[in-house]
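**Q** Order-wise, the sequence lines are chains S and P.
Counting in the numbering used here, the first sequence runs from 1 upward without gaps.
Counting in the numbering used here, the second sequence runs from 1 upward without gaps.
Since the hints were made in silico from the structure, they are not lab data.
Please note: incorrect hints may appear among the correct ones.
Chain P regions said to be covered by chain S (calculated; three or more residues, Cβ under 8 Å) [to be verified]:
| no. | segment |
| --- | --- |
| 1 | 47-57 |
| 2 | 82-96 |
For the chain S half of the interface with chain P, some residues (derived, Cβ under 8 Å), not all of them [said to hold, decoys possible]:
| no. | residue |
| --- | --- |
| 3 | Thr33 |
| 4 | Pro78 |
| 5 | Asp82 |
| 6 | Arg119 |
| 7 | Arg122 |
| 8 | Pro125 |
| 9 | Ile317 |
Cβ coordinates follow ideal geometry from the N, Cα and C atoms, glycine included.
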Amino acid sequence: MVNAQLPITTTPKYNFPLPQETLHPLELPKHFTKLSLLSLKPTQQKQRLSTKDTATQLPTHLRLQQSISSTELFPLTPNPIDTTIVAIDVSSIRLGETETGFLLGVRGAIVWKESKQYRYLRLGPFPFHITQRTEDEIRRLYRQDHPISRLQVRSIPQVYIIQSRLTTLLERWMQSFIIRTTRNSIILWDGSLAVDTTETPASTIKELLTAAHNNGNIILAFSKMTRLSLHGRRLTDLIFKHPPPCLLRIKEHINHFGQIRLMGNVYVAKFTKGKLAFRMDADKRRSSIEVVEAVQNLLGNDSILQSYPETLRLAHIFSTFTATEVLALQRCITQKSGLRVITTLNLRRLLFGRFGKTQKGC
Amino acid sequence: MRLYKKEGATVQIISFPNEQVRKGDYLAIEDSKHGDNLIVQVIDMEYANIPGILEELLRNYDGDSSIAGEDVDPFDVAAHIRYIQDARLLICKIRASTHNGKLIPAGSHLPARSYARIRSVSVNELLTRPDGAEGYEIRLGETAEKTHLDVDVRALDGALNIITGKKGTGKSHIAKLLVLSLISHGAPVVIFDLNGEYIGLGQDTEGKPNEFSSKIHVLTPRQNFKVTLEQVKIHVLLNILVNALHLPGTSAREFRRIWHSLEQNGTLTMGELGEAIKNWRCNQHVRDALFSRYYTLLNSRLFTDNPALATSLENALDRARSGGAIVLNLRNESTTNRHIVVEYVLGKLVELLTTRRLRAIFLFAEEAHLYLRETYWDDIVTRMRHFGVFTTFITNQPDTIRENIYRQVDNLFVLNFTNEHDIDPISRAARVDAHTVKSIVRDLLPHHCLVLGKVVNDFPMIVKIKSLDVQAMGQTRLFFPVRICALTP
């Protein structure tokens, strides 16, 4: 049983250039560590951790459903002019349930493609024990006058959606850090420039886009899935007949959809042969010419596999949790906070045998 | 370590990186509630089947310098990942169990997986010797845990042993160790030395006489080993003629008559034998057959008509009676001569043993298939064993020894084999399961031996055979001065 403050500090290896503004590069990892420790600390008795349905990694992008009308096609020519490409991705995973809540792990990865070399920085994993009790402390920490408070959620997260909120919190901080410390680069995000106003204020995204613009960076957000459609056709199907590499601009102005608001222009990107195409969002303040130039620089500097930039793929790979890491995190939590990992009965399996698939259908 | 699975006599244990376990080690699975322990031996090690391991290895492969990176890992989860990644699965075989501290050969108890404790077991815990065993120990060498492996020499008494391993792994070294150990405990030994490897047993590594020099008697055919026909006896010579020289039955009968005639006249010499065949009234084909064998015997130069030049095997064995070895140096002998010598010696041994002139003898036969006739194999392991011939076969071709010999073997000393076809015949030995032999033998280092059988109380042991201060001999003559070391063990 561990009650005292755990002797954990951030590693001294982290030595990337410091931003000029208020965010210190170690602030969030430290803050996240503190938050994580705090969440684990209240464990007063050895609790059993259920491992059922743990491997559900939360997609970090949002989806829209909107009908739009006109398009503009841009054939692309890769431009090998030396340009730094930075990709950011964050993953979170449910590690298991406890009697009072659940455990999750959050991790982010930044990958740079610079001078034909890739390098990466991984932040985390940060384990969290989310309970009704720890939620209050997390909420208090949110309210503290801290640089990240400007980036975090306005509403108080509920216990079972906190996974999404913590993921977003780390992602926004990493995005903010990169935008402020990098110049004249192409920054790749996983997801779209759409915001759910209950989760991330539009002002936050606007602030990030402005900071990026001021530093000469251009943000390109790639969505692996989109529900946007045009005349009943899926958006990514619109580019099917066009020879790659090309970019399709969706010129129609997209309105708010419920609480979701688009902060960028929508494009469909098809970079290589094959059926795969992706929705790509870019800052509204950037003209189509600027976006096309940026994408051509991306094609000239990064490897593209199945229409997807390698840098962003690597960021995803580095942030994603493997089954081994889930085991390691469970072990780490067990050792540090006294939580015991157990496997609970899978009622669906018990009742329906081979037909008792999990709720996720797997 | 944690108990994971049991299937038949196989137990799987998960071992973590901070736990040092080697192939061949013994573990006790302790069930404190019931007071029962299971004694198992690690026969193989695998990586534990960890989910997601492939993804983890692929992602973190740092051989490609094009991706460098850093991790901010405040909780040091990486250490836990490494711990899990390096977890091993120990494949173990149940060897025995203990109930209230008493060792029981079988192991039917199933310990509780949830709380069973697993610990290493030392060799000494397993090889508990009965009272009065003092003074009968022989040191084979040391185990991986650096414990001396001392075994009871009496386990070789009345036993059939096999020493096998591929070329250059140390078979003869073990044989020499056993020979010297038997001698030092007062046992008589006869060695069929095919390559002249044992003739230096009486000398130390510098070629000076050692403590055994007076106990090693080397007999080299045609030099200091010749016999008269009177020494040979009719049944031994007939064995030689029929089995070694393939004399047909009709001719053998005529030979018996000739022999008795010479015996009655008191002229049992090689010269008279030749004259008798020449003048004997018999079919010309029979005469020709007898003559061809006669000249073979004559040309072998193993027989003499001069009793002063003849060697008395009885006398030599008398000298070895209180501990000594008769080394029959067959190095430069033709196949026929080898057969003649072996037939003679074995016939003589049986004769001495049946007449109780000899109590028992330990026979070491190297590559016996090269000189031992087919019918002798069964004879040696059954009939001759009852007379008191306790044989140790030494071979690098395990398939030359029949399966029924393996099934009756009491002690098996196995050195490294790489080829599975070589391991197959050995794995049929009744003393141990095939899985153990196959798994352990292919990973044995040079001069490391898997010892099976009575000598180790049926607990298979891996031992590094101790060095000997004797002339190595028998080393392969090389053309080039420096030999390139083989990578394989």
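**Q** Looking back at the numbered hints, which does the structure fail to meet, lowest number first?
**A** 4 and 5
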